[in-house]
Amino acid sequence: MISRPMIAAILTSTAAVASAAAGPLQVTSSVMVEARSAAPDGTTRVTLVKPSRVTPGDKVIFILAYRNTGAQPLADVVLDNPLPRQIAYRAANPGSPAPDVSVDGKTFGSLATLRVRSPDGGTRAANPNDVTSVRWRLASPIPAGAQGQFAFQAVLK
Amino acid sequence: MHAKGVIRTLMAGTAAVVSFGTASAQTAPGPAGTAAGTTITNTAQASYTVNGVQQSATSNVATFVVDLKANLTVAPLGGNTPVSIGETDAVLKFTVTNNTNGTQDFILSPIQSLLGGVFAGDNFDVDNIRIIVDSDGDNLYTAADTATYINELPADQTRTVFIVANVPAEQAASLATVTLVAQIAAGGDVTRQGDALVSNGLAANRDGVVDVVFADNDSGFGDLAFNGYGRATLAYEITTRNVDLSIAKSSTVISDPVSGITLPKAIPGAIVRYCLIVRNATTLTPARNVNLTDLIPANTTYEANSITVGGIALGDECVLDGLPLSDAGGTVLPVSGITGSYDATARQVRVTIPTVTSLLPVAASFRVKIN
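One line per chain: the protein sequences are S and B, in this order. Under my numbering, the first residue of the first sequence carries the number 8, and numbering increases by one thereafter. Under my numbering, the first residue of the second sequence carries the number 17, and numbering increases by one thereafter.
In case anyone wonders, no lab produced these hints; they're calculated from the structure. Be aware that a few hints might be false.
[Said to hold, decoys possible] Heads up, simulated SDA-like pairs for lysine to any residue below, C-alpha to C-alpha not over 25 Å straight-line:
| no. | chain 1 | residue 1 | chain 2 | residue 2 |
| --- | --- | --- | --- | --- |
| 1 | S | Lys57 | B | Pro126 |
| 2 | S | Lys66 | B | Gly204 |
| 3 | S | Lys57 | B | Asn216 |
| 4 | B | Lys109 | B | Pro126 |
| 5 | B | Lys281 | B | Tyr318 |
| 6 | S | Lys66 | B | Pro45 |
| 7 | S | Lys57 | S | Pro126 |
| 8 | S | Lys57 | B | Gly53 |
| 9 | B | Lys385 | B | Asp359 |
| 10 | S | Lys113 | S | Asn100 |
| 11 | B | Lys385 | B | Thr355 |
| 12 | B | Lys109 | B | Lys265 |
| 13 | S | Lys164 | B | Pro170 |
| 14 | S | Lys66 | B | Val69 |
| 15 | S | Lys66 | S | Ala45 |
| 16 | S | Lys164 | S | Ser147 |
| 17 | S | Lys57 | B | Arg257 |
| 18 | S | Lys113 | B | Val69 |
| 19 | S | Lys164 | B | Val225 |
| 20 | S | Lys164 | B | Lys265 |
| 21 | B | Lys385 | B | Asp272 |
| 22 | B | Lys265 | B | Thr255 |
| 23 | S | Lys164 | B | Ala202 |
| 24 | B | Lys109 | B | Val225 |
| 25 | S | Lys164 | B | Gly46 |
| 26 | S | Lys164 | B | Lys281 |
[Unchecked claim] Stretch-level coverage of chain B by chain S, calculated; a stretch enters the list once three of its residues show a Cβ under 8 Å from a Cβ in chain S:
| no. | stretch |
| --- | --- |
| 27 | 72-80 |
| 28 | 225-231 |
| 29 | 251-265 |
[Claimed, not checked] Only part of the chain S face toward chain B is listed, based on derived beta-carbon distances under 7 Å:
| no. | residue |
| --- | --- |
| 30 | Val38 |
| 31 | Leu55 |
| 32 | Pro58 |
| 33 | Val61 |
| 34 | Thr62 |
| 35 | Phe69 |
| 36 | Gln93 |
| 37 | Val123 |
| 38 | Gln160 |
| 39 | Val162 |
| 40 | Lys164 |
Think of the CB as a built atom: it goes at the ideal place given N, C-alpha and C, for glycine as much as any other residue.
One chain only, chain B, in its complex shape (with noise of 0.2 Å):
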């Protein structure tokens, strides 16, 4: 295939085989583009007679040099991590993609107490944070994920980063938004976290040398367009909390068969009133579905239908009776919902709350005949 033989004959075949030839050769770009410092070099060809005899000319070569678009997306992966009080190594996950038509290395932090956050009902922050990037795909933190930046991330991938963290032991604690930021910064070195890239916008023209340009857009509070930065907001919710429960049990002889209610005293066929106290010292955290069981003490009888909820405590003793509830479990008390039967089989008493509030302690009580 000599040259002029084969550009006189095939003129226009040339740039076929040039087009054709190129785009086999290597794959088209992805979105980010062609890859910066690409050369892009143009040649046209031009044809023509010359009193009948055939002539070819070519042109120049015309050549730029592109340069790198720097852009970046950080998107929260799934949603809020639900956590509970004291809980460690909690994960939120996030994902960045890069966007440039380069290979780049991405500087990450994160951010607590941002004013965005304090919105969304932020009120407490994690301890011990720390961020990992997925060094296997699997969208999993383990163990083997120890990177803290990641590294030579290629033009339109995307890499999982986690952000760890311990929930404090502070019972308050509700919701705490953490904002991962990544920066976009130099690829090209696999032993180390390349530099922040530096935009080269404002600067004076530079042939032939790949200039940096930034394409990213606000990704939210506290971002600016075009300044080389992606973030997004997770948070941690507490879903599972501790209440400080606490039952206070009484006992009062109401009536014996000698004084009646006059300074009763605690002698055979005397009755006693069992006063059970219920109080959740957390505030704002209601205490769900208190189970209230006691055994009838020996030597006692359960005075049948003796059930009572509600009624007035003084301290720990109840000085008046509350709602009727039937032994037979029937009975559920409008409101607060509470349900509460006699087990005559196994001598137990048993009343459930469905909601127990620091603003209110909820007073059982039920009476027995001393034997």
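Just chain S, same shape as in the assembly (with noise of 0.2 Å):
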């Protein structure tokens, strides 16, 4: 009942935002799946290579890519990924920071400390697919010029 209009109106409004975005803070999303291919000293290499070819139960890889191109540093810096709703959060990426994540997009924690309400109504730990959003914070302010990335691993649903 919500839903349609909603989102209607908030795709527009996300989308006048970054259109209107000349602030100092780049974000960049994308999506990539893994690759794998037989390294000629036997080992198996895995490669980020673009989602050509994804089916329900494949793994992708979201990035989140960041950079600073103002003069100034940022601070307080939160970034905040929505997952779609055909995905489903698995874990951070490996190398890269583990995100605080929420099954209600309100309450943002580690994955152990969320519970999720049951039918019965009563309520259960949460696991990865109750996973509704992520979220990082920086500690530190980014320095003018800096970038850096987060990335975590889903599965399509």
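Combine the two chains into a complex, taking the hints into account.
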């Protein structure tokens, strides 16, 4: 009931913000999949490639890259990635700090601290499939010109 | 609800609205997964402060298109079908489940004389084999069911498929295995059977296009994994069959009061042996529970306790009596289980033979005296 008009409104609003975003913080979202190939030394090399062929159950990797294009440091930076509905969170990508996750879009924390309301009225421990949003807070300001990235693994439902 | 204000004040809340909004808008995908062709879009938001002033930013929209994971399950519904020789429109039942993340057609075909069936004892083929899709979901083959392919089956849905065939009038028949083969075909056109899917698994990357990736298992003899086919096998089992049973009756005068046993004549007081020979001309199929009933001829008197079974026959005539059965019916012959009795009221001789095979005719005899 709330859904469709609300989504439309939010999508247009984000689009509006994006086009107006001459702001100093640039955030780039990308989706990749792993491609495995045999390396000459006999090991398997995993590289990230564009998601040209993804079917349900496949692992996808979401990458958030950020860059301070301004002249001043940016403080209190929070990167927030609501998960697409068809995506189930799995874990932080190796090499990326673990995000705080949320099962309701409001309360963020480590997965172990979150609980989900079950149909019988009680609650249960949250599992990765319950995650609806992931978030990173940067502890220190981003200096001018600095950049970095976060990544997490998920599967297509 | 205007853009900037909302984004600024509800930075974290925006995410919540998006995820809840979409979750309630559509139901979660079934086991087959997110529908092929769905565009997955991802957008991140950021908030930060510059010199204490709250700012926000939104990322680009990253997207990809969900490809088609083609998969199916073909399974027998119930077991083998018991049939009789010459039966028409005998039905085997199967189910075909669409495990693809899209609506598909399924091309159906039967296979007989599969090598796999030989090991199960397959020894004949059925005739006029047809494949019919159950139209109303009642799992019963009726005249209303006419479709020969599965049309537009949604993801995670199952359809019942009948194999309908005639059993030949062939006495040696015992088991006919039939394999139903289903192949995933393109959906989208309700008016016709779609073309069989072709995997793009080895094709070059195609962005923004729905590729086809086969995910099916090897479902049995003759199938391979990841080929877009599924199969299951059931059999017609002959459980009722006719046998070619014949009875020959003959009589021999054994003695008469004048000549004794030397060239006896059928004169009053002579003893006559009646001989019944039961033969089963159908090889490999025994006749069960054969009942012989014979009325004592007029003007003769039954000789008490003269019923014998298992005598030696020459042609259609008994030359030697077999094992005696009591008139009261209490005698059960060992191994063969043959029983018999004499009903004095109805003047009938009765013999019951549990099994008559083609290898061994059974002779029964009794005697009467000519009045």
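Cross-check of the supplied hints:
1. This hinted pair does not check out: Lys57/S and Pro126/B have alpha carbons roughly 42 Å apart, beyond 25 Å.
2. For the suggested pair Lys66/S and Gly204/B, the alpha carbons sit about 28 Å apart, so the restraint of at most 25 Å is broken.
3. This hinted pair checks out: Lys57/S and Asn216/B have alpha carbons roughly 16 Å apart, not beyond 25 Å.
4. The hinted pair formed by Lys109/B and Pro126/B meets the criterion: a straight-line CA distance of about 12 Å does not exceed 25 Å.
5. Distance check on the hinted pair: Lys281/B and Tyr318/B sit about 18 Å apart at the alpha-carbon level, within 25 Å; holds.
6. A hinted pair counts as satisfied when its Cα atoms are at most 25 Å apart, and Lys66/S with Pro45/B qualifies at roughly 17 Å.
7. Taking the CA atoms of Lys57/S and Pro126/S, the gap is near 39 Å; set against the 25 Å cutoff, the hint is violated.
8. At roughly 17 Å between alpha-carbon atoms, Lys57/S and Gly53/B fall within 25 Å of each other, so this suggested pair holds.
9. About 17 Å separates the Cα atoms of Lys385/B and Asp359/B, which keeps this hinted pair within 25 Å; it holds.
10. For the hint linking Lys113/S to Asn100/S, the alpha-carbon distance of about 23 Å falls within 25 Å, and the restraint holds.
11. Proximity of Lys385/B to Thr355/B is assessed by CA-CA distance (about 23 Å); at most 25 Å being required, the pair is judged to hold.
12. A hinted pair counts as satisfied when its Cα atoms are at most 25 Å apart, and Lys109/B with Lys265/B does not qualify at roughly 48 Å.
13. For the given pair, Lys164/S sits about 17 Å from Pro170/B by alpha-carbon distance, which is consistent with the 25 Å threshold.
14. A C-alpha spacing of about 39 Å is found between Lys66/S and Val69/B, which places the hinted pair above 25 Å, so the restraint is violated.
15. With a CA separation close to 19 Å, the supplied pair Lys66/S and Ala45/S stays within the 25 Å bound.
16. Our distance criterion of 25 Å between C-alpha atoms is broken by Lys164/S and Ser147/S, whose separation comes to about 35 Å.
17. Annotation: proposed proximity of Lys57/S to Arg257/B is violated, straight-line Cα distance about 65 Å (limit 25 Å).
18. The straight-line distance between the Cα atoms of Lys113/S and Val69/B is roughly 23 Å, inside the 25 Å bound, and the hint therefore holds.
19. Distance restraint check for Lys164/S and Val225/B: the Cα-Cα separation of roughly 19 Å lies within the 25 Å cut-off, and the hinted pair is therefore satisfied.
20. At most 25 Å may separate the alpha-carbon atoms for a hinted pair to count; Lys164/S and Lys265/B exceed this at roughly 79 Å.
21. A distance of roughly 9 Å separates the Cα atoms of Lys385/B and Asp272/B; the hinted pair therefore holds under the 25 Å criterion.
22. For the hint linking Lys265/B to Thr255/B, the alpha-carbon distance of about 31 Å lies beyond 25 Å, and the restraint is violated.
23. Taking the CA atoms of Lys164/S and Ala202/B, the gap is near 22 Å; set against the 25 Å cutoff, the hint holds.
24. Distance check on the hinted pair: Lys109/B and Val225/B sit about 37 Å apart at the alpha-carbon level, beyond 25 Å; violated.
25. Note on Lys164/S and Gly46/B: the hinted pairing holds, with a Cα-Cα distance of about 9 Å set against a maximum of 25 Å.
26. Distance restraint check for Lys164/S and Lys281/B: the Cα-Cα separation of roughly 98 Å exceeds the 25 Å cut-off, and the hinted pair is therefore not satisfied.
27. Look at the stretch 72-80 of chain B against chain S: 9 of its residues bring a Cβ nearer than 8 Å to a Cβ of that chain, three or more, so the hint holds.
28. As drawn, the stretch 225-231 of chain B meets chain S at 3 residues by the rule of a beta-carbon pair under 8 Å; at three or more, the given contact holds.
29. With a threshold of 8 Å between beta carbons, the proposed coverage of the stretch 251-265 of chain B by chain S is violated, since 0 of its residues qualify and at least three are required.
30. Interface hint at Val38/S: satisfied, since its Cβ lies 5 Å from the closest Cβ of chain B, which is below the 7 Å cut-off.
31. The beta carbon of Leu55/S comes no nearer than 13 Å to any beta carbon in chain B, farther than 7 Å, and the hint placing it at the interface is violated.
32. Satisfaction of the interface hint for Pro58/S is found here, the shortest Cβ-Cβ separation to chain B being roughly 4 Å, below the 7 Å cut-off.
33. Annotation: Val61/S was flagged as interfacial toward chain B, and the flag holds, the nearest CB pair being 6 Å apart, inside 7 Å.
34. Interface hint at Thr62/S: satisfied, since its Cβ lies 4 Å from the closest Cβ of chain B, which is below the 7 Å cut-off.
35. For Phe69/S, the interface hint holds, the least distance from its beta-carbon to any beta-carbon of chain B being 6 Å, beneath 7 Å.
36. At its closest, the beta carbon of Gln93/S sits 4 Å from a beta carbon of chain B; the interface hint therefore holds under the 7 Å criterion.
37. The closest approach between the C-beta of Val123/S and any C-beta of chain B is roughly 13 Å, which is over the 7 Å cut-off, so the hint fails.
38. Interface restraint check for Gln160/S: the shortest CB-CB distance to chain B comes to about 13 Å, outside 7 Å, so the restraint is violated.
39. Nearest Cβ of chain B to the Cβ of Val162/S: about 9 Å, over the 7 Å cut. The hint is violated.
40. Against a cut-off of 7 Å between C-beta atoms, the interface hint on Lys164/S holds, since the closest Cβ of chain B lies about 5 Å away.
Hint compliance for this structure: hints 1, 2, 7, 12, 14, 16, 17, 20, 22, 24, 26, 29, 31, 37, 38, 39 are broken, all remaining hints hold.
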